[in-house]
Amino acid sequence: MDAAVTRVGVPLGCEKGHSGRMTTHENVVEVRGLRKTYGDMNAVDSVDFDIHRGETFALLGPNGAGKSTTIEILEGYRDRTAGEVSVLGVDPAHGGLDWKARLGIVLQSSGESGAVTVAEQLRHFAALYPKPRDVDEVIAAVGLESKAGTLIRKLSGGQRRRVDVAVGIIGAPELLFLDEPTTGFDPEARRSFWQLIRTLQSEGTSILLTTHYLDEAAQLGDRAGIIAAGRMIDVAPIAELGGADARIPLVRWREQGNLREQRTETPATLVGELVARLGAEPEGLEVIRPSLEDVYLDLVGREHAEVTA
Amino acid sequence: MMRTVSLGARRIGYEVRAYFRQGDTVFFTFLFPVVMLTIFSVSFSEGSFGQAADGTEVTAAHFYLPAMLAAGLLLSGLQNLAIDIAIEKSDGTLKRLAGSPLPVVSYFIGKLGQSLATGALQAGLLLLLGFTVFGVPLPEEPERWITFAWVFALGVVTSAMLGIALSAVPRSGKSATAVVIPITLVLQFISGVYLSFTLLPEWLQNVASVFPLKWMAQGMRSVFLPDTLEVLEQGESWNLEGVAIALAVWLVVGLVLARVTFRWIRKDS
Chain U
1 MDAAVTRVGV
11 PLGCEKGHSG
21 RMTTHENVVE
31 VRGLRKTYGD
41 MNAVDSVDFD
51 IHRGETFALL
61 GPNGAGKSTT
71 IEILEGYRDR
81 TAGEVSVLGV
91 DPAHGGLDWK
101 ARLGIVLQSS
111 GESGAVTVAE
121 QLRHFAALYP
131 KPRDVDEVIA
141 AVGLESKAGT
151 LIRKLSGGQR
161 RRVDVAVGII
171 GAPELLFLDE
181 PTTGFDPEAR
191 RSFWQLIRTL
201 QSEGTSILLT
211 THYLDEAAQL
221 GDRAGIIAAG
231 RMIDVAPIAE
241 LGGADARIPL
251 VRWREQGNLR
261 EQRTETPATL
271 VGELVARLGA
281 EPEGLEVIRP
291 SLEDVYLDLV
301 GREHAEVTA
Chain Z
1001 MMRTVSLGAR
1011 RIGYEVRAYF
1021 RQGDTVFFTF
1031 LFPVVMLTIF
1041 SVSFSEGSFG
1051 QAADGTEVTA
1061 AHFYLPAMLA
1071 AGLLLSGLQN
1081 LAIDIAIEKS
1091 DGTLKRLAGS
1101 PLPVVSYFIG
1111 KLGQSLATGA
1121 LQAGLLLLLG
1131 FTVFGVPLPE
1141 EPERWITFAW
1151 VFALGVVTSA
1161 MLGIALSAVP
1171 RSGKSATAVV
1181 IPITLVLQFI
1191 SGVYLSFTLL
1201 PEWLQNVASV
1211 FPLKWMAQGM
1221 RSVFLPDTLE
1231 VLEQGESWNL
1241 EGVAIALAVW
1251 LVVGLVLARV
1261 TFRWIRKDS
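Heads up: the sequence lines are chains U and Z, in that order. Position 282 of the first sequence, counting from 1, maps to 282 under the working numbering, and the rest follow consecutively. Position 129 of the second sequence, counting from 1, maps to 1129 under the working numbering, and the rest follow consecutively.
Simulated from the structure, these hints should not be mistaken for lab results. Treat the hints with care, as some may be off.
Stated by the list, open to error - Restraint-style ranges between C-beta atoms, simulated for each label pair:
1) Z:E1202 / U:T37: 52 to 58 Å
2) U:G158 / Z:V1252: 47 to 53 Å
3) Z:R1021 / U:D98: 29 to 35 Å
4) Z:V1210 / U:H212: 26 to 32 Å
The beta carbon of each residue, even a glycine, is placed where N, CA and C say it ideally should be.
The whole structure should be built from the sequences, with the hints applied where relevant.
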């Protein structure tokens, strides 16, 4: 919990953002007691979280956990059943055009007919915003310079996804929603996408990211929330998810045919003791330092066990 | 307000460009009346559809030109927009626009402009084909062209509004053509577009008179057919006041329905 203490220790007031503009610990998103009910099922229940200005918040969780419902409520696409939501100081259920001009939205999927070229699409969307980014720069940033004059319907799935991202950032949004942005990307495209997001972060853009790729969340996210079965089961800086205990290394071995495991801060010592006690190399020895993925699966699995119990 | 209009103008350019890049719309909406005019003119080239005051015969091409112009109004407005918007609803286009600061009125200006622009090009093509290939005599009196202008404008706008309203009916983009085309097809058959209106039984004529296409076709006939054929109309009159009133009423109905039914997205579906 040391890191959390340090974080709170940062003087509340203000920090200097990379863009040179003052970023305060003001929240661009505040969610309290959010609930969304379909029939008698709670798709989202009692969800609380904040997103600070300038940070990237990763919303993680299995399919059907309520990630998209939550993000679509914040984007103004869905009405909520209960709770309080503020996005850039506005209730998304009543967000007007000025409010929309400050947001960038990359939806989970798009199947538009794509009868315009990449450059036409971006020029058109740029015209909708008061202070858009430069169209050519955005096309270059998503790596589609060579496709600028190509009809969108003739692009590959990954290239179309990059057009979606380009359209999402063309208006130079204060807050960017990225709903599973890199699904269908090859590893190289994913790396360059991360680079693009880092540029946006350095310019002070606040980002809400949902993803299935935990390495992506670890690479890009400052903090993360894990949602399962409609409930937020943890919100913390990425390195602290699940609490300190979840990251204690695990030593696993086989003894007299049984699988044994033990969590310890000093795995090497434990292994030494094992060798001494058994007088031989322990069978099937593993020392596991839990990755974000392990912590995540553990948390979601525990929640699942509780729900089904 | 200025922003809404200027973005609307931008939408028109964007929409028209996209329209001509969709092969199926270009054929079934834009070229269809042109193809039908050609088929009717060639198939019935021996037939006579009446006589002008000076004794010249009204050819099939002459008779079908106003009918196809009326069909064009229905297709460019109603059929085009009902299918187009239903597809945009289901493929995510409207969802994307809903998340952008595009005013909904600008979107409508774009759709209306697309219908007017493509409808005008279509009408131009029909007139050119009728005049140059099939030798249809075009009216010389300016009053007739004034009638043409207002029947065209009122017809496209009314038909476009009804199209926006009708786009709420199909539950998916895939079913849009299956829902919309039978409606426009039946209207064309009962409104004197493919079949001569005078051949229809009176009750069917009365049914057709409830809908706007009959009035568009009647307005177009008054422009292009000789006055000797006026007696064949219901009430033996072109009844242009009736045309104006019927289309205006449908325009209001379309506006109200479009306003009430149109949503960027179906929330919570």
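To see whether the hints hold, each was checked on the structure:
1. Taken as a hint, the range 52 to 58 Å holds for the pair E1202 of chain Z and T37 of chain U, whose Cβ atoms sit roughly 56 Å apart.
2. About 48 Å separates the C-beta atoms of G158 of chain U and V1252 of chain Z, a value consistent with the hinted range of 47 to 53 Å.
3. Judged by the Cβ atoms, the range 29 to 35 Å given for R1021 of chain Z and D98 of chain U holds: they are separated by roughly 33 Å.
4. Take V1210 of chain Z and H212 of chain U: their Cβ atoms lie about 55 Å apart, and the range 26 to 32 Å is violated.
The earlier numbered hint that this structure contradicts is number 4, and it is the only one.
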